[in-house]
Amino acid sequence: MAQGLEAVFLMHRDTLLRFLRARGAGDAAEDLVQEVWLRASGADSGPIAEPLSYLYRTANNLMLDRHRSHKRREQREQDWTDAESADPSVSEAPSAERVLLARDQLRRTQEELDALGERTATIFRLFRVEGVPQKQIATDLGVSLTTVEKHLQKAYRAMIELRRRFDAE
Amino acid sequence: MSSSTIPLSDREEAALIWAIRTRDPHFADWEGFTRWLEEDAANAVAYDAMMVADAALPEMSATAPLAANDDPVTPFWRRRGLSSLAAVAAVAILLLSYWQMAPRPDPYSIETAPGARREIALADGSRIALNGGSRVDLDRSRPRYAVLARGEALFTIRHDAADPFEVTVGAATFQDAGTIFNIVKADDRIDIGVAEGKVIYDPRGQSIALDPGQALQVPVGQGTAVRRSIEPQAVSGWRTGRLSYQGERLDRVAADLSRNLGVRVDIDQRVRAQNFTGTLQLDGAIDGVMRRIAPVLGVRAQATRDGWRLVESDVPHS
Numbered sequence: 032m033a034q035g036l037e038a039v040f041l042m043h044r045d046t047l048l049r050f051l052r053a054r055g056a057g058d059a060a061e062d063l064v065q066e067v068w069l070r071a072s073g074a075d076s077g078p079i080a081e082p083l084s085y086l087y088r089t090a091n092n093l094m095l096d097r098h099r100s101h102k103r104r105e106q107r108e109q110d111w112t113d114a115e116s117a118d119p120s121v122s123e124a125p126s127a128e129r130v131l132l133a134r135d136q137l138r139r140t141q142e143e144l145d146a147l148g149e150r151t152a153t154i155f156r157l158f159r160v161e162g163v164p165q166k167q168i169a170t171d172l173g174v175s176l177t178t179v180e181k182h183l184q185k186a187y188r189a190m191i192e193l194r195r196r197f198d199a200e
Numbered sequence: 006m007s008s009s010t011i012p013l014s015d016r017e018e019a020a021l022i023w024a025i026r027t028r029d030p031h032f033a034d035w036e037g038f039t040r041w042l043e044e045d046a047a048n049a050v051a052y053d054a055m056m057v058a059d060a061a062l063p064e065m066s067a068t069a070p071l072a073a074n075d076d077p078v079t080p081f082w083r084r085r086g087l088s089s090l091a092a093v094a095a096v097a098i099l100l101l102s103y104w105q106m107a108p109r110p111d112p113y114s115i116e117t118a119p120g121a122r123r124e125i126a127l128a129d130g131s132r133i134a135l136n137g138g139s140r141v142d143l144d145r146s147r148p149r150y151a152v153l154a155r156g157e158a159l160f161t162i163r164h165d166a167a168d169p170f171e172v173t174v175g176a177a178t179f180q181d182a183g184t185i186f187n188i189v190k191a192d193d194r195i196d197i198g199v200a201e202g203k204v205i206y207d208p209r210g211q212s213i214a215l216d217p218g219q220a221l222q223v224p225v226g227q228g229t230a231v232r233r234s235i236e237p238q239a240v241s242g243w244r245t246g247r248l249s250y251q252g253e254r255l256d257r258v259a260a261d262l263s264r265n266l267g268v269r270v271d272i273d274q275r276v277r278a279q280n281f282t283g284t285l286q287l288d289g290a291i292d293g294v295m296r297r298i299a300p301v302l303g304v305r306a307q308a309t310r311d312g313w314r315l316v317e318s319d320v321p322h323s
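Protein chains in written order, with my numbering: chain L, 32 to 200; chain A, 6 to 323.
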């Protein structure tokens, strides 16, 4: 109910400001905390079990959206610069090569995940592909939350390092 | 795991843990997350980068076209007849293609011959002035990062607290949000002096903060870093030929003369450890400079076939 949420927001406005600054909002923090309220109060979500957590998450997502817009703008500017300065004598890899490369990378990614073990691959799939909450994964598999977290770390870390290898090639 | 793996930095590991945790709908430790973010402005940046690829995934699976006989309840990968492992791999590949933690490296170097100087401007407006016989390695895909590979450079860094500039010199790291500082790389020691702003040495370890008028001598290998006071104006002195010293060994002064003048300046064994406190002004022709400053240093300058040599003075040295 928006009334209850508003009370929570007003009581924790300073905490949310602090969070936004920690996330890198800088001088825009005051404006952004207002936007957090607009988004949170506007959403049609029914009764909220953890209102403060919900407000935090709204703030976090807001900062992520800002980061992504910023990155997209940068990418557009970079693409324009690249296009302007492109060397006409250098051609892009033909699509057949790119398909082969993608297939090769897919195979190596499969191998890498395989090498991590079935448990790690399963936990990664449940979390990332099927969107199961970590607590639920822990209950379903009969392991601790920390164990789930460790397996996820292992999978993500392997994926990042694999990506770096691909980029270096 | 292959030996050619490039490991995640400490910051990236921490950002990864927080990305995994906050991704969970039941996450509640927002205060713990805030505390980690507040430790370092670069943490928020690392976290954003980790989350970008993650957030992109639902967009991609949602835009995958549905076949006529698709059952919306079945997960998208099963609908396409992919085995579970292949599905995970496919997801991982899609995830990786949006990953912005590892942009393609685009390295380049700026180098000066002995005695020559050069100043360059970086994309963000920061400037690096190189003294003679120096080299700085850069990477266009990492705009707020530089390596001082050799010699001496004065850094004038544009302020950005959310994206600090880092300079690596040998095994030492210096971090700065917007400042003017000078670094000299010698074989046995790294010297840094701060003219404006603040620089942090070893930000993820000892975290030694340096304010204007402070200098640090970082030994290569074993030993503790030594803090000193200096004149802020003296930090960039070499650009106008002004070299200031406080109780410095003459072999180091000789190395500085070499770098600044672009000639070889050797030093006799017997006067290497002699101390000097004072300021040298390197004006005019090298000949005149060497003959004028030698007595100031308490030594004699001999012209050699290759350059110069500092030897014991005939005059009694106090």
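By construction, these hints were calculated from the structure, which means they are not laboratory data.
Computed from a predicted model, the values in this text were never measured in an experiment.
Some clues are possibly wrong.
[Said to hold, decoys possible] Per label pair, the in silico range of CB-to-CB distance:
1. Asp58/L to Asp34/A: 26 to 32 Å
2. Pro112/A to Asp58/L: 30 to 36 Å
3. Glu108/L to Ala278/A: 52 to 58 Å
4. Asp145/L to Ala121/A: 54 to 60 Å
5. Gly183/A to His43/L: 53 to 59 Å
6. Gln211/A to Arg104/L: 33 to 39 Å
7. Gly226/A to Arg44/L: 34 to 40 Å
8. His43/L to Arg163/A: 43 to 49 Å
9. Gly183/A to Glu161/L: 42 to 48 Å
Glycine included, every Cβ here is placed at the ideal spot set by N, Cα and C.
Violated constraints from the hint list, given by number and in increasing order: 5, 7 and 8
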